[in-house]
Amino acid sequence: MHEMIVAQNLLRQISDEAKKQNARPVAATISCGKLNAVNDEVLRFAFEAIAKDTLCRDVKLTIEHKPLQAKCSNCHRNFDIEFSEPKCKNCGNSEFELLPDAPLMLEEIEFQAENFYEKNKN
Amino acid sequence: MKKIKIEKKILSENEKYSIENSFFLMQKKKLCLNMISSPGSGKTTILTRTITELRDKLNIGVIEGDIQTDFDARRIRAADAPVVQINTEGACHLSAVQVSKALKDLPVDDLDLIIIENVGNLVCPSAFELGEAGKLAVLSVAEGDDKPAKYPAIFAKSKVLLINKIDLLGHVDFDLERAKADARRLNRTIEIFLISAKTGQGMNNWYDWLIEQVRQTGTWQERLH
Chain A
1 MHEMIVAQNL LRQISDEAKK QNARPVAATI SCGKLNAVND EVLRFAFEAI AKDTLCRDVK
61 LTIEHKPLQA KCSNCHRNFD IEFSEPKCKN CGNSEFELLP DAPLMLEEIE FQAENFYEKN
121 KN
Chain B
123 MKKIKIEKKI LSENEKYSIE NSFFLMQKKK LCLNMISSPG SGKTTILTRT ITELRDKLNI
183 GVIEGDIQTD FDARRIRAAD APVVQINTEG ACHLSAVQVS KALKDLPVDD LDLIIIENVG
243 NLVCPSAFEL GEAGKLAVLS VAEGDDKPAK YPAIFAKSKV LLINKIDLLG HVDFDLERAK
303 ADARRLNRTI EIFLISAKTG QGMNNWYDWL IEQVRQTGTW QERLH
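Line by line, the protein sequences are chains A and B.
Under my numbering, think of the first position of the first sequence as 1, with each following residue one higher.
Under my numbering, think of the first position of the second sequence as 123, with each following residue one higher.
Since the hints were made in silico from the structure, they are not lab data.
There may be inaccurate statements among the hints.
As the list claims (entries may be wrong) - List of simulated lysine to aspartate or glutamate pairs, EDC-like, C-alpha gap at most 20 Å:
#, chain 1, residue 1, chain 2, residue 2
1, B, K138, A, D101
2, B, K131, A, E82
3, B, K272, A, E82
4, B, K130, A, E82
5, B, K223, B, D304
Unchecked claim - Just a sample of chain A residues kept apart from chain B, beta carbon distances all over 12 Å, derived:
#, residue
6, E17
7, E48
8, K52
9, T54
10, H76
From the three backbone atoms N, C-alpha and C, an ideal C-beta is built for every residue, glycine too.
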């Protein structure tokens, strides 16, 4: 439900960078952890809705999901945790500490043409 | 075509205020908990009972988050505790900047504990850090024992879980052991208390835990002596 807030922040960051680069953004890659409570489809919908009348209207979003990691209390190794079967993948132990979840990140932006801003000023 | 690496947190604006709030609370040595649950789980009833029954021991202040109305703030005020109401006007969670403003309106120096009652929602509030020392999840037995498995984020991130309305256990299909086991599967150290804020059952264990947390945080003992 908070995808709109995420979309607004994202739109602002991409627009700021576009102005800095003086170029037209066409794609952006973001990454998120497992506990960010962000639904891909809803985020895309929200982003399209607010970007449609802006210079970011053509931006295609790629959303990468980072696994949630845990540290096993038995073998002390880190492993990617599955909610359906929360066990250490190395030794099968089910006692572990969750490691911090990956934050929502804007990883990179792809731009099409130089001087987009100057040309479109008027 | 050119690609530019950005590598910036999308919610960096929220994070900035969250860190500021956390720093402010640490400097003041005040414990702050972020209370998260579905609507109707009994958050406000838990707070009013806790405030009333711990009146001689703890000074508790509350930041109330709701989409609309000040109904909950009025209940807290009726229990004679300082409260600041935030209306999110549609937003499904509180954000750190709102809490930062609310903290300025609370008599923080006179308090031992600040509880932020987040907007009733088991999903979104878990993604927005407010500067709290820990999250306090509430699950009422009427909601069903499958919630920790279905909404893992909040149970994975919480320091403590209150399972409320246990006076209704005979009337609803709620498997306590299943709910507890599912909550602990992702969070081995989560403290779980079974309570009824209506009848008072189990509240003393919760109070003991809460007082111990406050004692570890800060100025409580200095204020008493």
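Now for the hints, and whether the structure bears them out:
1. K138/B - D101/A: Distance of about 18 Å is within 20 Å: holds.
2. K131/B - E82/A: Status violated; Cα separation ~24 Å.
3. K272/B - E82/A: Since the Cα atoms of K272/B and E82/A sit roughly 13 Å apart, the hinted pair holds (cutoff 20 Å).
4. K130/B - E82/A: Judged against 20 Å, a Cα distance of about 27 Å means the pair is violated.
5. K223/B - D304/B: Between K223/B and D304/B the Cα gap is close to 36 Å, so the pair fails against 20 Å, i.e. violated.
6. E17: 6 Å, violated
7. E48: 16 Å, holds
8. K52: 20 Å, holds
9. T54: Holds: least Cβ distance 17 Å, greater than 12 Å.
10. H76: It holds; H76/A is separated from chain B by about 15 Å at its closest Cβ, greater than 12 Å.
Comparing the model with each numbered hint stated earlier shows that hints 2, 4, 5 and 6 do not hold.
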